[in-house]
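Protein chains: 2
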Amino acid sequence: MNNPVVVATYEVPWAENLAERAHSIAIGMTIGSWNDINPARQKSLLEFRGEVGDISCERQDVGRFSIKYPVRNLKPSMASLLTVVFGKLSLDGQIRLVNLELPDEYARQFPGPSHGVPGLRAKFGVHHRPFVMSIFKRENGATLEEFQEAFQQQIDGGVDWVKDDEIYFNDEQAPLLERIRLTRQILAERAQRTGQLGLYAPNLTGTPAQMRDNAKRALEAGADSFLIAPFVTGLDILVELRREKIDVPFIAHPAFSGGIIGPHAWGVSPDILLGLLPRLAGADIVLFPSPYGSVAIARPDALAIHRRLQEPGRFPEVISGPSAGIHAGLVSQLIEDFGYDIVINAGSAVHSHPNGTTAGARVLMDAVLEVCHGNA
Amino acid sequence: MNNPVVVATYEVPWAENLAERAHSIAIGMTIGSWNDINPARQKSLLEFRGEVGDISCERQDVGRFSIKYPVRNLKPSMASLLTVVFGKLSLDGQIRLVNLELPDEYARQFPGPSHGVPGLRAKFGVHHRPFVMSIFKRENGATLEEFQEAFQQQIDGGVDWVKDDEIYFNDEQAPLLERIRLTRQILAERAQRTGQLGLYAPNLTGTPAQMRDNAKRALEAGADSFLIAPFVTGLDILVELRREKIDVPFIAHPAFSGGIIGPHAWGVSPDILLGLLPRLAGADIVLFPSPYGSVAIARPDALAIHRRLQEPGRFPEVISGPSAGIHAGLVSQLIEDFGYDIVINAGSAVHSHPNGTTAGARVLMDAVLEVCHGNA
Chain E
1 MNNPVVVATY EVPWAENLAE RAHSIAIGMT IGSWNDINPA RQKSLLEFRG EVGDISCERQ
61 DVGRFSIKYP VRNLKPSMAS LLTVVFGKLS LDGQIRLVNL ELPDEYARQF PGPSHGVPGL
121 RAKFGVHHRP FVMSIFKREN GATLEEFQEA FQQQIDGGVD WVKDDEIYFN DEQAPLLERI
181 RLTRQILAER AQRTGQLGLY APNLTGTPAQ MRDNAKRALE AGADSFLIAP FVTGLDILVE
241 LRREKIDVPF IAHPAFSGGI IGPHAWGVSP DILLGLLPRL AGADIVLFPS PYGSVAIARP
301 DALAIHRRLQ EPGRFPEVIS GPSAGIHAGL VSQLIEDFGY DIVINAGSAV HSHPNGTTAG
361 ARVLMDAVLE VCHGNA
Chain Z
1 MNNPVVVATY EVPWAENLAE RAHSIAIGMT IGSWNDINPA RQKSLLEFRG EVGDISCERQ
61 DVGRFSIKYP VRNLKPSMAS LLTVVFGKLS LDGQIRLVNL ELPDEYARQF PGPSHGVPGL
121 RAKFGVHHRP FVMSIFKREN GATLEEFQEA FQQQIDGGVD WVKDDEIYFN DEQAPLLERI
181 RLTRQILAER AQRTGQLGLY APNLTGTPAQ MRDNAKRALE AGADSFLIAP FVTGLDILVE
241 LRREKIDVPF IAHPAFSGGI IGPHAWGVSP DILLGLLPRL AGADIVLFPS PYGSVAIARP
301 DALAIHRRLQ EPGRFPEVIS GPSAGIHAGL VSQLIEDFGY DIVINAGSAV HSHPNGTTAG
361 ARVLMDAVLE VCHGNA
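First to last, the protein sequences are chains E and Z. Note that the numbering used here has the first sequence beginning at 1, numbered continuously upward. Note that the numbering used here has the second sequence beginning at 1, numbered continuously upward.
If we strip away everything but chain E, and leave its shape as in the complex, we get (with noise of 0.2 Å):
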């Protein structure tokens, strides 16, 4: 019988009884009960029972045991996928989601990334170095010509993409159409002038029908790419707008995940939360943070989440963004350890450089520039 699981792997902080605890999860989290039911129907219900997959304990203190979820009692939909794997479970004492093996069975029936690093790579014709992004700040409260004078300044230093600050929602000085209009003005004529192509992200947010509405507004205004925070707007909104073939980058941003994936006992792995799950809804670049920063999270867990984007699979690699409190200094840290497919993504460095955020800006990408120097 081919009948393709979901294999979901738990961290216990105890090892004894986990045979016995993983087979009552198993059966629990998919139909409830066996014993208890008749042989005929036992049956035909096999296909639709969890089964308990490996089990180990690394030490007296730390147990693992994985459970393997039938497809069929699944559907396409993060809402379906967490609320099997992690839902009623996750309130379930001390236990944390370490591990997630998507059969293709499944993983195909969700979108993934339109571009990820080859599809970017090839729209920007930027092969040999990081992408360079800069973030707008003080952007609550400007002025529509505030707005165009600080994006004109960050072009002007030579990033390849801008995006709004994620808490960006009161944009009745600066609509969202109008910073569409403006900016694509400022990006076309830098293209004539350098060659050098750039894209700006407004903040993709609100209801999900708001969501959908905005996004068609702004793609009619010549939108190319959204900056969207999954973990508090539904990853589901992002699946569905990727179905629908919208296939301009989403710029995935990590609002609302601390709490899930912060260092303890509960939760999900940050590599499960922000690098397996946003490949599959179909960010193209995610954000995270990195672990040297003003907002940082441990090296190991940085890499993770940077093998979870970049890791082979059915979808392309998605660029990885290790941010918060970067600035040019930190550049060769940033690509020795995560390679050459990423953004190097900074905010206030890029504001607060004593000459001027296009001085700043400037100073990030020839530190790029230098550290691939040899390649470029």
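Copies of the same chain look alike in the list, so a pair counts if it works inside one copy or between any two.
Below, a list of computed lysine-lysine pairs in the DSSO-like style, where the Cα atoms sit at most 30 Å apart:
id : residue 1 : residue 2
1  : Lys216    : Lys75
2  : Lys216    : Lys245
3  : Lys43     : Lys137
4  : Lys245    : Lys75
5  : Lys123    : Lys216
6  : Lys137    : Lys123
7  : Lys43     : Lys75
8  : Lys137    : Lys75
9  : Lys245    : Lys123
10 : Lys137    : Lys216
Keep in mind the hints are simulated off the structure, nothing from the lab. Just so you know, these numbers come straight off a predicted model, no measurement behind them.
Starting from the known structure of chain E, fit chain Z onto it as the hints suggest.
Chain Z in isolation, oriented as in the chain E frame:
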């Protein structure tokens, strides 16, 4: 100047430099920087600037501080609210969101529950006891006939409400609209025979557009309530459906919330995540782990969720559902701890009764009637 603010309170495991840290967040999470901008612009940005509120330290290793975020920086979506108060900040080391005060200018832009306690009591004509709900078990793999039989048995046992299991997605054998049609017949028949009203809550899930579409089709078929798991679907789809005047009761399931609320120094307090937010979004019932059952949280946490659901405020009180491993023997304890405005919600205990599901449901309802006898 009338400048309403959302006040968020954070707890951190240290007590030094709290004022400095709070100031940095207040500026960083609103306008980015302050001292480096000229007085004219400072003046225009003042109404967008965050302010530090109360600061306290209970012990050497526990600090608390509040930040006031101007409502004008926000939009009335959970995506906006959560990104501003706990987006990037959620990733900033050990920090926990422990309180959230929303001014009426902001809260009133959310829908809140359509019924709440008074609405549901009026609808059911049930005034002096908790509601009683049972949950399908072994729904995966069930044929329509098996579903019908299980529903009939639960209803014959006298429960008010029957809900889908939250892990039920594979409904090819018992399609949503067929289930609604069947349950309507069974409920109408009981109402005619006994006068007791009943509701069936199918699992409303999928991507946002699928949920919207399913809600629409289900309502046309006569659906009278929905189960929703807002921490996997995103809270904003609930906000959106409620804004569109879908006014059947929503039951919010806590799936996936465990990692965020877990008793650790990250994430969000249970009463905010499972109390304040779903009430704001529009849930009429919120399920959460009771302090007694199979999947348990600490008693003070469960009581704090309950208080949030029922504290006086703009929106109707929400029925709280301390759940998981609930059985007849816990009913008097549940009522003692949480009062009458709750739902007694049981699954396994109902179905595992030696005399069958109907007997199990009857035992549960009888336990409720017995405890409430004096007032029934």
